[in-house]
Amino acid sequence: MNGSTGWDHGVGRHLLGIEGMGRGDLERILEVTDRFAEIGRRPIPKVPALRGRTVALVFFEDSTRTRLSFETAARRLSADTLTFTAGSSSLSKGESLRDTVEVIRSYGADVLVIRHGMAGTPHRVAQWTDAAVVNAGDGCHEHPTQALLDAYTLREHRGALDGMSIAIVGDILHSRVARSGVLAFSLLGAEVTLVAPTTLLPPSLEGWPVRVSHDLDDIIDSLDACYMLRMQRERHDDGLIPSLREYTADYGLSARRAERLPKDALILHPGPTNPGVEIAAEVAAAERSVILDQVANGVSVRMAVLFLLLGSVPDPDDVAEAN
Amino acid sequence: MAERERRMAPPFGGVFVAHARVMTADDMGRAVRRMAHEIIERNHGIDQLVIVGLQTGGVPIAEHLVAAMEDIEGRRPPLGVLDVALHRDDIGLRPVVPQATTDLPDELDGRIIVLVDDVLFTGRTIRAALDAVCDFGRPRAVELAVMVDRGHRELPIRPDYVGKNLPTRRDEVVDVNAEGVDLGVMRK
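Those protein sequence lines, which keep their order, are chains A and B. Taking this note's numbering, the leading residue of the first sequence gets 1, the next gets one more, and so forth. Taking this note's numbering, the leading residue of the second sequence gets 1, the next gets one more, and so forth.
Simulated from the structure, these hints should not be mistaken for laboratory data. Glycine included, C-beta positions come from ideal geometry on N, C-alpha and C. Please note that a few of the clues may not be correct.
Unchecked claim - Taking CB as the label site, the calculated pair distances span: (1) Ala18(B) x Arg42(A): 36 to 42 Å; (2) Thr129(A) x Arg158(B): 44 to 50 Å; (3) Asp131(B) x Asp130(A): 28 to 34 Å; (4) Pro209(A) x Pro156(B): 56 to 62 Å; (5) Asp106(B) x Thr64(A): 28 to 34 Å; (6) Arg169(B) x Tyr107(A): 44 to 50 Å.
To be verified - Computed list of lysine to aspartate or glutamate pairs in EDC-like fashion (alpha-carbon distance at most 20 Å, straight line): (7) Lys46(A) x Asp90(B); (8) Lys263(A) x Asp162(A); (9) Lys46(A) x Asp109(B); (10) Lys164(B) x Asp26(B); (11) Lys46(A) x Asp135(B); (12) Lys164(B) x Glu63(B); (13) Lys93(A) x Glu61(A); (14) Lys46(A) x Asp131(B); (15) Lys263(A) x Glu191(A); (16) Lys46(A) x Asp106(B); (17) Lys164(B) x Glu179(B); (18) Lys263(A) x Asp218(A); (19) Lys46(A) x Asp89(B); (20) Lys164(B) x Asp27(B); (21) Lys46(A) x Glu107(B); (22) Lys46(A) x Asp103(B); (23) Lys164(B) x Glu38(B).
Unchecked claim - A few chain B residues that face chain A, going by a derived Cβ cut-off under 8 Å, partial list only: (24) Leu86; (25) Asp135; (26) Gly137.
With the hints as constraints, model all of the structure from the sequences given.
So, in structure tokens, the structure goes:
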């Protein structure tokens with residue numbers, strides 16, 4: 001697991017990435033997620049499981065749904081939340097990351113949910129603090145809770161991912177969602193194909209359990225799920241694509257292209273969408289699009305992760321082994 | 001739920017060693033039928049009732065109770081199951097893993113809920129159950145049926161229907177299973 005002294009509860013002591021996790025770990029988290037989804041459907045969707053615990057949301061990069069869903073998840077478990085956003089902090093006065101982390105920790109945070117533009121930041125922070133650390137997106141590296149909620153959404157509609165053919169389409173190079181998704185989906189038995197122009201693929205895909213295609217039309221009629229990535233315009237001033245229009249023509253999921261998907265194929269998108277760029281607005285709103293399910297499941301998955309990190313003590317078997 | 005979980009509680013592990021069988025399966029069947037009669041008598045029928053088994057030990061007993069009530073009245077009251085793990089006050093002290101499901105009937109407002117558990121001990125499970133039930137609605141009343149009341153309450157909670165009053169030492173363990181009720185201790 002990610003934490004050296006952690007108990008094997010699916011997430012270990014920290015949740016830093018899908019890398020290093022096994023199929024059993026993922027399945028365990030998804031199983032527990034089922035239980036928290038049930039709490040979300042209650043008239044009062046709140047349990048006192050993490051009362052008195054504090055969840056710090058430490059966001060050095062902008063985020064709407066990840067931050068809000070972690071916050072909602074924490075509140076549904078009756079935890080308190082502390083929110084740190086880079087824009088309104090002493091970072092502008094030159095405060096170091098380490099100082100920031102120590103300040104937040106000294107306010108009693110039991111878990112730090114960290115998003116940072118630099119890959120590896122949560123791993124570094126995990127070495128500095130005795131609080132649990134959750135990676136909520138680090139640069140172009142990983143975004144494990146997104147992959148978990150995507151896997152949960154697919155599982156919810158299909159029962160299992162085994163044998164599913166999933167295409168991840170778009171800017172793989174800059175996408176932490178793609179990286180975590182590839183690892184999680186393939187661990188759970190799906191076959192993943194990356195679809196992108198060469199310039200938007202990482203220089204080397206050695207060791208990635210994927211196939212690669214440069215032509216979406218080539219494979220679209222054999223897919224069980226089509227995962228459209230957001231065109232990250234904020235990371236795109238370097239001429240990797242000739243023009244957005246050309247990208248849309250070749251790799252966008254237009255209404256016409258979506259018609260070629262098999263009838264029961266699902267459409268996913270991590271949000272926020274750029275309507276008319278990587279996905280047409282009417283496709284995003286179509287019945288087979290599970291984009292809103294992804295948003296709702298994000299809360300349940302993050303409840304499960306927070307609970308497994310903070311609320312549960314080790315299995316007796318593990319302790320017996322440790323003794 | 002209490003006893004089965006307690007078996008895994010700190011100091012963790014150990015093996016349950018029974019030293020006496022205090023109820024046989026037949027005894028439990030008779031107790032269930034008597035409690036079914038008592039519940040129906042006290043509530044003037046089953047119209048207002050919702051029977052709720054507490055995960056995990058209370059669920060089979062609640063199922064037997066509902067079946068017995070159907071034998072008596074010709075209809076069965078609605079049956080729900082409730083897991084209180086996330087409402088407990090000792091979360092973190094024992095391995096609380098939300099594996100058992102919660103599934104309650106939609107309409108609890110104005111109904112009489114009968115909580116069913118296998119063993120009543122400190123009362124903390126029932127305290128958690130009362131909290132949990134209140135998140136689902138506002139029942140007119142909540143009653144409590146247990147197969148075994150073993151004493152040692154830590155909260156002002158009392159059962160309305162009891163299968164058997166069983167005086168125990170605090171360190172003893174009561175195990176309710178399909179074959180009967182056993183009294184024993186945990187051995188390392």
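Please list, smallest to largest, the hint numbers that this structure does not respect. none
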